[in-house]
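Asker: Now for the letters of each chain:
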Amino acid sequence: MTINVCVGSSCHLRGSYKIIELMTEALKKNGLEDKVELSAAFCLGKCTHGVSIKVDDEVICGVSPENFNEIFDKYVLKK
Amino acid sequence: MINLCTDIGYHSLNKFGEQLCGDHVDVVEQEGDGNSVIVVLADGMGSGVKASILSTLTSKIISTMMAQSMSIEECVATIASTLPVCSVRGVAYSTFTIIKVTNNYEAEIIQYDNPHVIMLRDGKYFDMEETSTKIGDKIIYKSKVYVREGDTFIAMSDGAIHAGVGKSLNFGWQRENIIEFMEMMYDSEFTAKTLSTILLDECNRLYENEPGDDTTVCTVKIRQRESVNLMIGPPASPNDVNKMMSLFFSKSGKHIVCGGTTSTLAAEFLGKEVKTNLMYIDPEIPPTATIEGVDLVTEGVITINKVLTYAQSYLADNQYYTHWDYKKDGASLISKMLFEEATDINFYVGRAVNPAHQNPNLPINFSIKMRLVDELCECLKKMGKRIKVSYF
Numbered sequence: 000m001t002i003n004v005c006v007g008s009s010c011h012l013r014g015s016y017k018i019i020e021l022m023t024e025a026l027k028k029n030g031l032e033d034k035v036e037l038s039a040a041f042c043l044g045k046c047t048h049g050v051s052i053k054v055d056d057e058v059i060c061g062v063s064p065e066n067f068n069e070i071f072d073k074y075v076l077k078k
Numbered sequence: 000m001i002n003l004c005t006d007i008g009y010h011s012l013n014k015f016g017e018q019l020c021g022d023h024v025d026v027v028e029q030e031g032d033g034n035s036v037i038v039v040l041a042d043g044m045g046s047g048v049k050a051s052i053l054s055t056l057t058s059k060i061i062s063t064m065m066a067q068s069m070s071i072e073e074c075v076a077t078i079a080s081t082l083p084v085c086s087v088r089g090v091a092y093s094t095f096t097i098i099k100v101t102n103n104y105e106a107e108i109i110q111y112d113n114p115h116v117i118m119l120r121d122g123k124y125f126d127m128e129e130t131s132t133k134i135g136d137k138i139i140y141k142s143k144v145y146v147r148e149g150d151t152f153i154a155m156s157d158g159a160i161h162a163g164v165g166k167s168l169n170f171g172w173q174r175e176n177i178i179e180f181m182e183m184m185y186d187s188e189f190t191a192k193t194l195s196t197i198l199l200d201e202c203n204r205l206y207e208n209e210p211g212d213d214t215t216v217c218t219v220k221i222r223q224r225e226s227v228n229l230m231i232g233p234p235a236s237p238n239d240v241n242k243m244m245s246l247f248f249s250k251s252g253k254h255i256v257c258g259g260t261t262s263t264l265a266a267e268f269l270g271k272e273v274k275t276n277l278m279y280i281d282p283e284i285p286p287t288a289t290i291e292g293v294d295l296v297t298e299g300v301i302t303i304n305k306v307l308t309y310a311q312s313y314l315a316d317n318q319y320y321t322h323w324d325y326k327k328d329g330a331s332l333i334s335k336m337l338f339e340e341a342t343d344i345n346f347y348v349g350r351a352v353n354p355a356h357q358n359p360n361l362p363i364n365f366s367i368k369m370r371l372v373d374e375l376c377e378c379l380k381k382m383g384k385r386i387k388v389s390y391f
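Taken in order, these protein sequences are the chains called A and B.
Under numbering that gives the first Met the number 0, the first residue of the first sequence carries the number 0, and numbering increases by one thereafter.
Under numbering that gives the first Met the number 0, the first residue of the second sequence carries the number 0, and numbering increases by one thereafter.
Calculated directly from the structure, the hints in this document are not laboratory data.
Note that beta-carbon positions come from the ideal geometry of N, C-alpha and C, so glycine has one too.
Certain hints may be false.
To be verified - Beyond 10 Å from chain B on every Cβ pair, some chain A residues (computed):
#1 V4
#2 E24
#3 D33
#4 K34
#5 P64
#6 K77
Claimed, not checked - DMTMM-like, lysine to aspartate or glutamate: derived pairs with alpha carbons at most 20 Å apart:
#7 B:K274 to A:E65
#8 B:K274 to A:E69
#9 B:K250 to B:E283
#10 A:K73 to A:E20
#11 B:K49 to B:E148
#12 B:K274 to A:E36
#13 B:K381 to B:D343
#14 A:K53 to B:E291
#15 A:K17 to A:E32
#16 A:K17 to B:E283
#17 A:K17 to B:E291
#18 B:K327 to B:E267
#19 B:K137 to B:D121
#20 B:K253 to B:E283
#21 A:K34 to A:D72
#22 B:K141 to B:E73
#23 A:K34 to A:E65
#24 B:K274 to A:D72
#25 B:K253 to B:E291
#26 A:K17 to A:E69
#27 B:K137 to B:E225
As the list claims (entries may be wrong) - Just some of the chain A residues that point at chain B, by a computed CB distance under 10 Å:
#28 G30
#29 L31
#30 S38
#31 Y74
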């Protein structure tokens with residue numbers, strides 16, 4: 000599985016830094032570091048709805064520290 | 000000598016408690032049969048307003064007259080009869096140092112009563128031969144050298160050699176100590192401005208942050224011309240993408256691509272992939288990316304905004320130097336390439352409007368982006384860079 004976190008201007012301002020931190024932690028906690036390739040992306044083209052992340056080929060918008068666990072469950076753990 | 004150019008950087012410390020500096024540096028470029036640059040550092044007698052007026056007049060008069068190819072004798076005579084006479088001391092007095100570099104080939108140094116210019120060649124002290132002439136009651140020293148790449152001339156006002164008198168040192172630090180210090184600190188990558196601030200910082204330290212005299216250092220460094228090309232933003236019309244990219248990539252020198260969409264387009268044009276780094280070196284600055292064939296890929300507006308902050312500081316007291324010279328985030332890397340490496344910078348600015356940036360909740364929008372580029376160009380011009388901007 001590949002996860003890209005958008006670090007374009009808009010997403011950066013909405014907190015990509017925090018999301019990358021949370022993602023790194025969450026992957027470590029669940030022992031998924033070897034199974035999931037985490038990387039950044041320059042602009043996923045959904046700037047108005049950031050922070051955007053891409054899990055394999057699916058783009059998920061509006062990720063925030065508040066809904067992070069929910070999204071991580073739904074899109075990462077369930078797969 | 001077509002590929003050489005002169006890099007000039009200076010800065011002053013004001014005497015403690017003074018708002019005006021009594022030293023003044025003036026730079027004039029002269030174009031005619033040969034290209035020459037004339038730098039004049041003048042130190043007015045006393046301090047404050049009076050000294051400031053004396054030194055400004057002196058440096059302006061000399062630089063303007065020299066640029067019109069008038070002789071040093073005439074300049075000195077003009078100054079002697081023009082400067083207002085000091086009511087306390089009954090004389091009109093300002094010391095000066097003139098460095099004139101012609102065609103980046105020959106340097107002529109003329110000095111009157113300032114500490115003598117220190118010349119470094121390959122980072123080591125180089126003793127220039129001096130001849131003295133008497134003009135009126137003034138003894139003027141002249142030297143002439145044929146310059147090479149890397150030659151560095153450091154001119155200073157006497158505040159520099161008096162640093163530390165009665166505080167950290169008994170007799171101040173002499174010219175020999177400054178030579179030793181600069182030989183030790185010299186690095187061929189340092190710009191004239193950086194060398195000047197390194198010396199000034201040391202003087203300020205010796206003065207314990209309370210300079211006893213106006214202190215000015217002006218460095219002139221002979222260096223190779225180097226171009227850097229920077230592209231930011233996609234073109235207003237999608238039909239111009241190929242035109243913009245081919246013009247940009249056909250330029251010699253280094254290439255910087257700024258902006259998410261812009262880098263995607265550049266990667267498509269080159270048939271390569273954008274690889275974004277995950278590492279945030281500075282939480283404020285989005286990570287950089289790599290594209291094979293591009294020297295540096297960064298995010299756009301936020302990064303450039305930081306570069307502008309660094310540029311403004313570089314022109315003032317250069318206090319952020321230690322940030323951008325060593326850190327590896329996008330803004331620092333761009334700053335290093337533009338301020339230190341480049342002498343000629345070509346901007347390729349795309350005027351497409353990013354709909355995401357028009358959100359009123361975001362501190363970035365189209366007009367801000369255009370203004371950032373304009374302001375950055377202004378700063379770079381003040382650093383003595385040749386700037387060309389093309390809009391698409």
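Asker: Look at each hint and say if it fits the structure.
Answerer: Structure-based check of each hint:
The non-interface label for V4 of chain A is inconsistent with chain B: the shortest C-beta to C-beta separation is roughly 8 Å, within 10 Å. Every CB of chain B is more than 10 Å from the CB of E24 of chain A (nearest about 14 Å), matching its label as outside the interface. Listed as outside the interface, D33 of chain A is consistent with that label: its C-beta sits roughly 16 Å from the nearest C-beta of chain B, beyond the 10 Å cut-off. The beta carbon of K34 of chain A sits about 17 Å from the closest Cβ of chain B, which is more than 10 Å, so the claim that it is off the interface holds.
Distance check for P64 of chain A against chain B: the nearest CB is about 14 Å away, which clears 10 Å, and the non-interface claim stands. The Cβ of K77 of chain A sits about 24 Å from the closest Cβ of chain B, beyond the 10 Å cut-off, so the non-interface label holds. Restraint check for K274 of chain B and E65 of chain A: the C-alpha separation of about 29 Å exceeds 20 Å, so the hint is violated. Between K274 of chain B and E69 of chain A the alpha-carbon distance is near 28 Å, which puts this suggested pair outside the 20 Å criterion.
Proposed proximity of K250 of chain B and E283 of chain B is contradicted: the alpha carbons are some 31 Å apart, above 20 Å. In summary, the hint linking K73 of chain A to E20 of chain A is supported, as the alpha carbons are separated by about 19 Å, within the 20 Å threshold. Taken as a hint, the K49 of chain B and E148 of chain B pair is broken in the structure, with Cα atoms around 39 Å apart against an allowance of 20 Å. Pair hint K274 of chain B plus E36 of chain A holds up; C-alpha atoms about 13 Å apart against a cutoff of 20 Å.
Between K381 of chain B and D343 of chain B, the direct Cα distance comes to roughly 13 Å. Compliance with the 20 Å bound is thereby established for this hinted pair. As the CA atoms of K53 of chain A and E291 of chain B are separated by approximately 23 Å, the hinted pair breaks the 20 Å bound. Distance restraint check for K17 of chain A and E32 of chain A: the Cα-Cα separation of roughly 18 Å lies within the 20 Å cut-off, and the hinted pair is therefore satisfied. Straight-line distance between C-alpha atoms of K17 of chain A and E283 of chain B comes to about 11 Å, which keeps the hinted pair within the 20 Å bound.
For the hint pairing K17 of chain A with E291 of chain B, the CA-to-CA distance comes to about 29 Å; that exceeds 20 Å, so the pair is violated. Simply put, K327 of chain B and E267 of chain B have alpha-carbon atoms about 26 Å apart, too far for the 20 Å limit, and the pair is violated. Note on K137 of chain B and D121 of chain B: the hinted pairing is violated, with a Cα-Cα distance of about 33 Å set against a maximum of 20 Å. For the hint linking K253 of chain B to E283 of chain B, the alpha-carbon distance of about 25 Å lies beyond 20 Å, and the restraint is violated.
In summary, the hint linking K34 of chain A to D72 of chain A is supported, as the alpha carbons are separated by about 16 Å, within the 20 Å threshold. For the hint pairing K141 of chain B with E73 of chain B, the CA-to-CA distance comes to about 15 Å; that is within 20 Å, so the pair holds. A C-alpha spacing of about 25 Å is found between K34 of chain A and E65 of chain A, which places the hinted pair above 20 Å, so the restraint is violated. Of the supplied pair hints, the one linking K274 of chain B and D72 of chain A is violated, its CA atoms being roughly 27 Å apart against a limit of 20 Å.
Note on K253 of chain B and E291 of chain B: the hinted pairing holds, with a Cα-Cα distance of about 13 Å set against a maximum of 20 Å. Between K17 of chain A and E69 of chain A the alpha-carbon distance is near 16 Å, which keeps this suggested pair within the 20 Å criterion. As the CA atoms of K137 of chain B and E225 of chain B are separated by approximately 41 Å, the hinted pair breaks the 20 Å bound. Annotation: G30 of chain A was flagged as interfacial toward chain B, and the flag is violated, the nearest CB pair being 19 Å apart, outside 10 Å.
Below 10 Å, beta-carbon pairs count as interface contacts, and L31 of chain A has none with chain B, the closest being about 15 Å; its hint is therefore violated. Checking S38 of chain A against chain B by beta carbon gives a least distance of about 5 Å; that is within 10 Å, so the hint holds. At a threshold of 10 Å, the smallest CB-CB gap from Y74 of chain A to chain B is about 18 Å, leaving the interface hint violated.
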